[in-house]
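Protein chains in written order, with the UniProt record's numbering: chain F, 1 to 206; chain R, 1 to 192.
Honestly, I wouldn't trust all of these hints.
[To be verified] Lysine-lysine pairs mimicking DSSO-like chemistry, simulated, CA-CA at most 30 Å apart:
hint, chain 1, residue 1, chain 2, residue 2
1, R, Lys67, R, Lys111
2, F, Lys202, F, Lys160
3, F, Lys78, F, Lys130
4, F, Lys78, R, Lys64
5, R, Lys64, F, Lys36
6, R, Lys137, R, Lys67
7, F, Lys36, R, Lys125
8, R, Lys45, F, Lys160
9, R, Lys192, R, Lys64
10, R, Lys192, F, Lys160
11, R, Lys111, R, Lys192
12, F, Lys202, R, Lys137
13, R, Lys111, R, Lys125
14, F, Lys36, R, Lys45
15, R, Lys64, R, Lys137
Hints were generated in silico from the structure; no laboratory data involved.
Predicted model only: the values in this text are computed from it and were never measured.
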Amino acid sequence: MMSTRDIIDTLAGIEPGSALDAIRARRLQARENAQKSYLSLFEPIDAGDVSLLERAAVAAFVTGLHGGSPVATFYREKLAASTGGAALLGAIDAEIARGRTSGPYGSYPAGPLSVENTAGLIFRVGAESKSALGTRLAAALEHAHLLVFRPRDAASADMKALLDAGWSTTGIVTFSQLVAFLSFQVRVVSGLRTLAAANAQKETAS
Amino acid sequence: MSATVNPPVVFTQDELGWVSWIDPLPEAELTERHYAGLVDRSRAKSEYFRLLVRDPEVLEARTKTDKDIFYNVADGLPRAERELAAAATSRYNGCIYCASVHARFASTYSKRRDDVQRLLDEGVKADLGERWNAVVKASVALAATPIAFGPDNIAELRRAGLDDAEIVDVINGASFFNWANRLMLSLGEPSK
Chain F
1 MMSTRDIIDT LAGIEPGSAL DAIRARRLQA RENAQKSYLS LFEPIDAGDV SLLERAAVAA
61 FVTGLHGGSP VATFYREKLA ASTGGAALLG AIDAEIARGR TSGPYGSYPA GPLSVENTAG
121 LIFRVGAESK SALGTRLAAA LEHAHLLVFR PRDAASADMK ALLDAGWSTT GIVTFSQLVA
181 FLSFQVRVVS GLRTLAAANA QKETAS
Chain R
1 MSATVNPPVV FTQDELGWVS WIDPLPEAEL TERHYAGLVD RSRAKSEYFR LLVRDPEVLE
61 ARTKTDKDIF YNVADGLPRA ERELAAAATS RYNGCIYCAS VHARFASTYS KRRDDVQRLL
121 DEGVKADLGE RWNAVVKASV ALAATPIAFG PDNIAELRRA GLDDAEIVDV INGASFFNWA
181 NRLMLSLGEP SK
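Model the full assembly from the supplied sequences, consistent with the hints where possible.
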């Protein structure tokens with residue numbers, strides 16, 4: 001079955017009619033709903049609780065934290081094309097550079113798992129970026145970094161920090177979905193690109 | 001905000017509860033739009049889903065993605081190994097709640113409860129045999145940030161007997177749990 005290219009195909013470089021396109025077509029509901037997830041987050045019916053600019057800025061930050069990739073480039077360009085986005089690019093780039101590290105790390109609830117606790121960067125937005133980003137977005141980037149690298153450290157106090165920075169409860173849900181969805185999307189794209197590259201190499205070798 | 005209720009401190013296959021740190025929608029306030037987001041009406045009883053349904057469109061799409069990746073077993077990877085990918089990812093990311101659910105499913109479908117328990121007790125380096133080791137290692141490599149999944153993982157999965165469609169199921173299952181873990185870990189906590 002041949003399908004219309006979706007965002008995962010575009011980012012993973014999967015062509016209609018290719019072997020990977022056929023494999024993805026066998027999970028049609030997953031394929032269509034990964035696309036609907038993307039659309040509901042970036043072209044929402046109601047952006048009242050999380051603005052389009054905030055979504056684009058968080059996406060550029062989160063995917064940038066995963067390292068250079070077509071996905072990171074895509075969301076950086078989306079931010080640049082957003083109303084007000086170009087003014088944020090410098091701050092987002094600076095915070096990606098400050099925030100890059102290796103995860104997952106963090107602490108477990110006190111008990112037998114404490115021996116597995118691993119210390120790592122507790123990211124805070126730089127003073128110089130705070131005025132460009134504003135209170136809401138600065139708090140969002142700090143929380144996004146927690147979700148990307150040390151989700152096991154998350155605590156109720158982190159919810160309070162977002163509420164205090166002006167995020168609504170519904171906004172926190174959408175924002176958490178956004179970061180979590182991108183954590184999925186960047187991995188599916190990476191996995192499929194790796195598989196396609198392995199297959200291309202096999203064909204060259206045989 | 002809810003009070004903490006006796007959170008578990010080890011990975012387990014027992015049934016756990018989950019308590020939200022912020023306010024779910026009250027069941028009485030759910031509209032048909034919310035029920036569409038829940039997909040299964042019975043999910044209105046769950047605090048987790050009544051919280052996520054504050055954004056019904058993304059919840060609906062996420063739930064349908066989840067169901068197809070894990071339940072559509074007309075072909076591709078056996079259900080047990082999709083659940084193994086979910087459990088290994090959750091073990092590595094540190095999500096005690098998600099690990100409990102998907103370890104239990106992996107045990108049910110594989111009948112290898114002791115091996116699944118070793119994954120929980122010893123962590124993702126536990127020796128579970130070639131095929132399961134390959135699935136666990138690939139899942140962990142995908143969950144790392146920066147992503148560490150590479151050609152060696154593909155080669156290892158192939159040596160263990162997986163074809164490309166099955167490898168895509170591992171990629172989808174492990175990737176999906178990087179979505180699920182981050183919601184469960186950050187919006188509330190498990191309870192015994």
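A quick look at each hint next to the structure:
1. Lys67/R / Lys111/R: 22 Å, holds
2. Lys202/F / Lys160/F: Violated, at roughly 52 Å.
3. Lys78/F / Lys130/F: Holds. Lysine 78/F to lysine 130/F sits at ~21 Å (cutoff 30 Å).
4. Lys78/F / Lys64/R: Holds, at roughly 26 Å.
5. Lys64/R / Lys36/F: 10 Å, holds
6. Lys137/R / Lys67/R: Given that 30 Å is the threshold and the Cα spacing comes to 23 Å, the pair holds.
7. Lys36/F / Lys125/R: 36 Å, violated
8. Lys45/R / Lys160/F: Satisfied, since the Cα-Cα distance of roughly 25 Å is no more than 30 Å.
9. Lys192/R / Lys64/R: Holds, because 28 Å separates the two Cα atoms, which is no more than 30 Å.
10. Lys192/R / Lys160/F: 24 Å, holds
11. Lys111/R / Lys192/R: 25 Å, holds
12. Lys202/F / Lys137/R: Given that 30 Å is the threshold and the Cα spacing comes to 22 Å, the pair holds.
13. Lys111/R / Lys125/R: Holds - the C-alpha atoms of lysine 125/R and lysine 111/R are around 20 Å apart, at most 30 Å.
14. Lys36/F / Lys45/R: Roughly 25 Å between the alpha carbons, so the hint for lysine 36/F and lysine 45/R holds.
15. Lys64/R / Lys137/R: This hinted pair holds, its Cα atoms lying about 26 Å apart.
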